[in-house]
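Visitor: Given next are the chains, with one letter for each unit.
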Amino acid sequence: MHLTNEQLLELTEEGREHLAQCDSCRIRAKNLSAIRAKLQNTAQKNLAQPKPMSDNWQQIKASYQNKNHQQQINSANKKVTFWRNMTVGMAASLVLFMAGQNYLLNSHQQDTFEQAVALAKAVESNSITQSLLVAQLESNPLNTSQVLSLQVELDIIDKKLQQAYLEKVTSKEKSALWQQRQAVIQSSIVTDSKAKIIKI
Amino acid sequence: MLKNSGFNQEVSKELILLAQQGDIDAFEQIYHLFANASYALAFRICNQHSVAEDVVHDAFIKIMNNVSKFRDDGSFAGWCRRIVTCEALDRLKKSSRVHLVIDEDLIDGEELDLFQQDWLDAVIDIDKLIQQLSPNYRAIFLLHEIEGYSHKEIAQLFEKSESFSKVTLSRAYASLKKIALKTNQELQYAPN
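Chains as they are written, first to last, in my numbering: chain V, 1 to 200; chain U, 1 to 192.
No lab work stands behind these hints, which were simulated from the structure alone. Since we're looking at a predicted model, the values are computed, not measured. Idealized CB from N, CA, C, for every residue including glycine. Certain hints may be false.
[As the list claims (entries may be wrong)] Derived DSS-like pairs: lysine-lysine, alpha-carbon spacing no greater than 25 angstroms straight-line: (1) V/K61 <-> U/K13; (2) U/K62 <-> U/K13; (3) U/K160 <-> V/K30; (4) V/K61 <-> U/K178; (5) U/K128 <-> V/K45; (6) V/K38 <-> U/K94; (7) U/K152 <-> U/K62; (8) U/K178 <-> V/K38; (9) U/K177 <-> V/K30; (10) U/K152 <-> U/K93; (11) U/K93 <-> V/K78; (12) V/K67 <-> U/K62; (13) U/K177 <-> V/K45; (14) U/K182 <-> V/K67; (15) U/K160 <-> U/K93.
[As the list claims (entries may be wrong)] Some but not every residue of chain U turned toward chain V, in silico, with C-beta under 7 angstroms: (16) Y31; (17) A40; (18) I61; (19) M64; (20) F70; (21) F115.
[Claimed, not checked] Coverage of chain V stretches by chain U, computed from C-beta distances (three or more under 8 angstroms per stretch; other residues unrestricted): (22) 4–18; (23) 23–29; (24) 124–134; (25) 168–174.
Between the sequences and the hints, there should be enough to build the whole structure, so can you do that?
Guide: Here it is as structure tokens:
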């Protein structure tokens, strides 16, 4: 029994033991070593020969910078979309606020006076928190994934709010939604301590 | 193999850190360290100068874009080499539609006297000989015998089994031997 070519190409401990006893396989292994040595020699010679590759760096650098520039443009476009959505969101909030005020005047018979006041307060503090976020974003912009996640969360709550006003649900339920909206915005506002952590 | 050439060169942690911070000069240094080795590797696999240049170009863009993902748990040179290899294999698969023979087909017809003689001894241009191998034979042969990839790594690169890599290597040797003997014979009978 002799070693197969595959066994010879990838010698195991057993294969080495066989080589020690078998002259025929030892010759084959020696030939393979000689072939491998020549292959390595050729590869090293090729590596030592100068290639025209250093000239290509400028081309690679230009492609890389061009790609990065394109990514920055895309990211800026996303930010513009975010601001547009924020403005639309702000306008929607104001409309909802006005509608809320109007509804508050007409439907105070259904809700208690305290609930109506709580709703008005929730809407107002929502607007204040949103203004804070807008002011903060100018100095400390969020990254793309944060922007997208905030957008999605606000969209969901705004739709629920619109539905709530259409269905004329109680002021208590609406207040809960406004508070939820405020909490989402609040979580994106970087406090001093958070800002320090980010800088670290 | 030479210790300080090609992908055997070590890259300092400082240089990697600078590259991860987007320093273009650091990238340029890394490029100059590995450009020749990358080109040689790409050319061996793809067998065409222009394709090899494209492979190096695209591989380095990938290296630059993904350097932040490199974790200090392996050699940086090895990481770069893997990107170049994958890029070259992708090109090879796209351009030549490499036929990956199934394992069962390969097991048949093994040549047992493959290494009874040093048939490479009389060959003058070994590179030319290797270039005549079929694309997948050449790729696996070079990755294992020159670049030092294990059968396990080759299997991952080709999304095939380890036995596929082992058998293909053996068949590549058989094919190379056939080409070498034929070339030697032609040289013997060639008019002076």
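Visitor: Now tell me if each hint is right for this structure.
Guide: Quick rundown of the hints versus the structure:
no., hint, verdict
1, V/K61 <-> U/K13, "22 angstroms, holds"
2, U/K62 <-> U/K13, "19 angstroms, holds"
3, U/K160 <-> V/K30, "30 angstroms, violated"
4, V/K61 <-> U/K178, "44 angstroms, violated"
5, U/K128 <-> V/K45, "14 angstroms, holds"
6, V/K38 <-> U/K94, "31 angstroms, violated"
7, U/K152 <-> U/K62, "24 angstroms, holds"
8, U/K178 <-> V/K38, "17 angstroms, holds"
9, U/K177 <-> V/K30, "16 angstroms, holds"
10, U/K152 <-> U/K93, "19 angstroms, holds"
11, U/K93 <-> V/K78, "36 angstroms, violated"
12, V/K67 <-> U/K62, "11 angstroms, holds"
13, U/K177 <-> V/K45, "22 angstroms, holds"
14, U/K182 <-> V/K67, "49 angstroms, violated"
15, U/K160 <-> U/K93, "14 angstroms, holds"
16, Y31, "5 angstroms, holds"
17, A40, "5 angstroms, holds"
18, I61, "6 angstroms, holds"
19, M64, "5 angstroms, holds"
20, F70, "16 angstroms, violated"
21, F115, "4 angstroms, holds"
22, 4–18, "holds (count 6)"
23, 23–29, "holds (count 3)"
24, 124–134, "violated (count 0)"
25, 168–174, "violated (count 0)"
Checked against the numbered hints above, the structure breaks hints 3, 4, 6, 11, 14, 20, 24 and 25 and satisfies the rest.
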